[in-house]
Amino acid sequence: RDYPPLRDAKVDFKPGLNIIIGKNGAGKTRFLTVLHELADLHEQKEHFGAAGCNIVFGGVLSGKADAEVEFIEEKSSGDKRDRQANNGVIIDSYFMPQKAQVKLLLQANTFTNNEQYYVESPERLNYLLASYAPLLIRHGTPATGLPILDESAEIMLEKRSVTVELKNGTKRIDDLNSQFVKTIFRTLFRLVRLGFTVIQGAPVPPMTANAVRHQLWRLMAVYTERLAHYLSLYSPIQAVRCAEYFQVYYQEMQDHYSIKGLVLEYQVNGQWLSFSLLSDGTKRLVYILAEILAPYEVALVKETDEITVYDKKKIILLEEP
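With this note's numbering applied, the sequence shown closes on residue 1686, and no number is skipped along the way.
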């Protein structure tokens, strides 16, 4: 606000905890926002002046190499600049302010050859940056967009998507304000729509409502146990449970499932409370820990009927913890 913009600045984050300290108005929030936008390579940089910035990810590709992402303003002629690397992986990203789009050029150096190719799909980025998921946790606690954690919402599981009826309207997964909740919904979608639709190439009948409820109960137990362990260490919350009264309905004509009453409850001083009855500080702790602890994926292995939890390293940007 009252400070000059940064020029030719270099910020080196070490593994572990890094703390940014500055006066009010110094730009700490803006810096975290810009850093998050730079690190999230899956998002198009629409109207985002990233030209001249670069960011280096260490330990990419199973810790064998680094990856450098450089945002360069692309000339109208389409000229590109080649870059060399002694080791590791270098990505050239050409920022196109008129088209509001970023295109990534991946240069991979191995012991045997040197390859260059464009990264056109998020799947290639998921492979490249499999160990890094940028997560921005802003100040305070979102007032809405926290189904399951906060409010009891009706969840509509359709053929190709999940929608949630919240107090402020209908939302889809990407519109929600919690990575923890997004992970639960994606797990549920894979469980019902992707995991049990085809067996050995032959279609199978849809899962019954009771079967979905049983598996959802098992999945929620994984999330609540994980969350309760850390909340009991850092907050007044003694335990976490999923409300027992949630119901699952299957609408055969529309071929979709409706889930009602799925929400978490929190035990404080021996009493079970809803999220709204917790103190502001406790709400903040629940939100922060849920976001940090959200697994990358929770999956039901059909062959063994076991639940497997997958994690990956994260870049966590936490504003005013």
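The hints are simulated quantities; they were obtained by calculation from the structure and are not laboratory data. Just so you know, not all the hints are guaranteed correct.
Heads up, simulated DMTMM-like pairs for lysine to aspartate or glutamate below, C-alpha to C-alpha not over 25 Å straight-line [unchecked claim]:
#  : residue 1 : residue 2
1  : 1547      : 1377
2  : 1388      : 1377
3  : 1536      : 1668
4  : 1547      : 1523
5  : 1667      : 1540
6  : 1532      : 1402
7  : 1393      : 1523
8  : 1393      : 1670
9  : 1678      : 1645
10 : 1677      : 1620
11 : 1679      : 1523
12 : 1547      : 1590
13 : 1678      : 1620
14 : 1677      : 1523
15 : 1679      : 1668
16 : 1625      : 1377
17 : 1536      : 1670
18 : 1524      : 1645
FRET-style restraints, in silico, Cβ to Cβ [stated by the list, open to error]:
#  : residue 1 : residue 2 : range
19 : 1657      : 1532      : 24 to 30 Å
20 : 1379      : 1677      : 18 to 24 Å
21 : 1524      : 1386      : 18 to 24 Å
22 : 1637      : 1377      : 43 to 49 Å
23 : 1570      : 1644      : 29 to 35 Å
24 : 1617      : 1637      : 17 to 23 Å
25 : 1587      : 1391      : 40 to 46 Å
Note that CB positions come from ideal geometry on N, CA and C, so glycine has one too.
Right, here's what the structure says about each hint:
At most 25 Å may separate the alpha-carbon atoms for a hinted pair to count; residue 1547 and residue 1377 exceed this at roughly 30 Å. Between residue 1388 and residue 1377 the alpha-carbon distance is near 20 Å, which keeps this suggested pair within the 25 Å criterion. Under the criterion of a C-alpha separation no larger than 25 Å, the hint pairing residue 1536 with residue 1668 is inconsistent with the structure, at around 33 Å. A distance of roughly 16 Å separates the Cα atoms of residue 1547 and residue 1523; the hinted pair therefore holds under the 25 Å criterion.
Restraint check: the Cα-Cα separation between residue 1667 and residue 1540 comes to about 30 Å, which exceeds 25 Å; the hinted pair is violated. For the suggested pair residue 1532 and residue 1402, the alpha carbons sit about 29 Å apart, so the restraint of at most 25 Å is broken. Restraint check for residue 1393 and residue 1523: the C-alpha separation of about 41 Å exceeds 25 Å, so the hint is violated. Restraint check for residue 1393 and residue 1670: not satisfied, since their Cα atoms lie roughly 47 Å apart, outside the 25 Å limit.
Restraint check for residue 1678 and residue 1645: the C-alpha separation of about 29 Å exceeds 25 Å, so the hint is violated. Pair hint residue 1677 plus residue 1620 does not hold up; C-alpha atoms about 34 Å apart against a cutoff of 25 Å. Between residue 1679 and residue 1523, the direct Cα distance comes to roughly 30 Å. Violation of the 25 Å bound is thereby established for this hinted pair. Of the supplied pair hints, the one linking residue 1547 and residue 1590 holds, its CA atoms being roughly 18 Å apart against a limit of 25 Å.
Only pairs whose Cα atoms come within 25 Å are accepted, and residue 1678 paired with residue 1620 is rejected, the gap being roughly 37 Å. For the hint pairing residue 1677 with residue 1523, the CA-to-CA distance comes to about 29 Å; that exceeds 25 Å, so the pair is violated. Between residue 1679 and residue 1668 the CA atoms are separated by roughly 30 Å; this puts the pair beyond 25 Å, and the hint is violated. For a cut-off of 25 Å, the pair hint linking residue 1625 to residue 1377 is broken: about 46 Å separates their Cα positions.
As the CA atoms of residue 1536 and residue 1670 are separated by approximately 31 Å, the hinted pair breaks the 25 Å bound. For the hint linking residue 1524 to residue 1645, the alpha-carbon distance of about 38 Å lies beyond 25 Å, and the restraint is violated. Checked against the given bound of 24 to 30 Å, the beta carbons of residue 1657 and residue 1532, roughly 26 Å apart, stay inside it. As the Cβ distance of residue 1379 to residue 1677 is approximately 19 Å, the hint placing it in 18 to 24 Å holds.
The given range of 18 to 24 Å is broken by residue 1524 and residue 1386, whose C-beta atoms sit roughly 50 Å from each other. For residue 1637 paired with residue 1377, a C-beta distance near 46 Å keeps the hint of 43 to 49 Å intact. Distance hint check for residue 1570 and residue 1644: the Cβ-Cβ separation is about 47 Å, which falls outside the suggested range of 29 to 35 Å. In this structure the supplied range 17 to 23 Å is violated for residue 1617 paired with residue 1637, their Cβ-Cβ distance being about 35 Å.
The beta-carbon spacing between residue 1587 and residue 1391, approximately 41 Å, falls within the hinted interval of 40 to 46 Å.
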